[in-house]
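Peer 1: The sequence shown begins at 19 in the numbering used here and counts up by one.
Be aware that one or more of the hints could be misleading.
To be verified - Pair by pair, the computed Cβ-Cβ distance ranges are:
#1 Ala154 with Arg29: 35 to 43 Å
#2 Gly135 with Glu186: 30 to 38 Å
#3 Gly115 with Gly26: 36 to 44 Å
#4 Glu134 with Thr193: 31 to 39 Å
Derived by calculation from the structure, the hints in this document are not laboratory data.
We put the beta carbon where it would ideally sit given N, CA and C, even for glycine.
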Amino acid sequence: MTAPSTFGLSREARNLHFLLTNLVEEVPGIQSVAVVSSDGLLLLSTDSALPHARTASRGGTSTAGAREAREARPSGPRGSVADLATVVSGIGSLTVGAAKLMDTGPVKHTMVAMDEGSLFVMSISDGSLLGVHGNADCDMSVVAYHMALFVGRAGHVLTPELRSELRESLEQESTVTGSTS
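Turn these sequences into a full structure, and let the hints steer you where they fit.
Peer 2: Next up, the structure:
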């Protein structure tokens with residue numbers, strides 16, 4: 019059965035939603051995830067994947083618990099997946115610029131460890147990025163491993179046509195959500 023948020027999407031788009039949902043469900047400590055295009059636009063996020071996700075069977079965490087924690091935060095831009103997409107895009111741009119200045123080749127991934135959490139950014143394809151916000155207790159190596167799996171599975175299908183479809187889907191979803199709120 020297809021989740022309502024993926025109704026009408028192509029098989030590839032539904033597969034990406036499935037892969038994102040699995041990433042969040044399988045890896046303890048992930049707070050939010052965003053897939054961002056090379057031009058900084060949000061393509062896919064936990065906001066679009068989690069409302070229909072199942073309870074995780076491993077690690078004692080659940081996507082429902084993560085969603086409740088996210089919803090308990092103050093409303094507005096701070097802490098939203100849109101903010102994560104902005105930060106991921108900015109870090110991606112900064113590290114690409116640094117790599118060019120240092121003449122070291124393309125950036126594969128970036129990890130930022132903070133007192134209360136972690137941020138991971140990994141290149142997918144054609145400048146698209148996968149960004150993950152993890153809590154302070156997440157195992158950074160496990161998060162990075164599962165991100166690499168996602169990138170390996172998603173990278174070859176993230177075509178310009180699919181990116182366009184995902185953007186349109188997010189725009190339609192925000193229009194529907196905005197009109198019902």
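Peer 1: Take the hints in turn and mark each one as holding or not.
Peer 2: The hints, checked one at a time:
1. Our hint of 35 to 43 Å for Ala154 and Arg29 holds, since their Cβ atoms are close to 37 Å apart.
2. Evaluation of the 30 to 38 Å hint for Gly135 and Glu186 yields a pass: the beta carbon distance comes to about 31 Å.
3. Range check, Gly115 to Gly26: about 38 Å between beta-carbon atoms, so the 36 to 44 Å window is met.
4. The supplied range of 31 to 39 Å is met by Glu134 and Thr193, whose beta-carbon atoms lie about 34 Å from each other.
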